Amino acid sequence: MERYFRDARFMMIGGATSEIMRYIIQREVYGK
14 MERYFRDARF
24 MMIGGATSEI
34 MRYIIQREVY
44 GK
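In the working numbering, the protein residues as written are 14 to 45.
Keep in mind that the hints were calculated from the coordinates and are not lab data.
Treat the hints with care, since some could be wrong.
With beta-carbon atoms standing in for the labels, derived distance ranges [what the hints assert, rightly or not]:
| id | residue 1 | residue 2 | range |
| --- | --- | --- | --- |
| 1 | 39 | 15 | 14 to 20 Å |
| 2 | 41 | 16 | 26 to 32 Å |
| 3 | 44 | 20 | 25 to 31 Å |
| 4 | 23 | 45 | 26 to 32 Å |
| 5 | 18 | 42 | 16 to 22 Å |
All values derive from a computational prediction rather than experimental measurement.
Even glycine gets a Cβ: it sits at the ideal position worked out from N, Cα and C.
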């Protein structure tokens, strides 16, 4: 999980924030 957040920072710099949010939302939905 820690590695994911480190990768997410690079993705945000690349402008892929929408994909990050989608991934986080999916984690929240399937995690419960």
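Right, here's what the structure says about each hint:
1. 39 - 15: 14 to 20 Å: Between residue 39 and residue 15, where Cβ atoms are some 18 Å apart, the hint holds.
2. 41 - 16: 26 to 32 Å: 18 Å, violated
3. 44 - 20: 25 to 31 Å: 18 Å, violated
4. 23 - 45: 26 to 32 Å: For residue 45 against residue 23, whose Cβ atoms are near 27 Å apart, the range 26 to 32 Å holds.
5. 18 - 42: 16 to 22 Å: The hint (16 to 22 Å, Cβ to Cβ) holds, given that residue 18 and residue 42 are roughly 18 Å apart.
This entry does not satisfy hints 2 and 3, going by the numbered hints stated previously.
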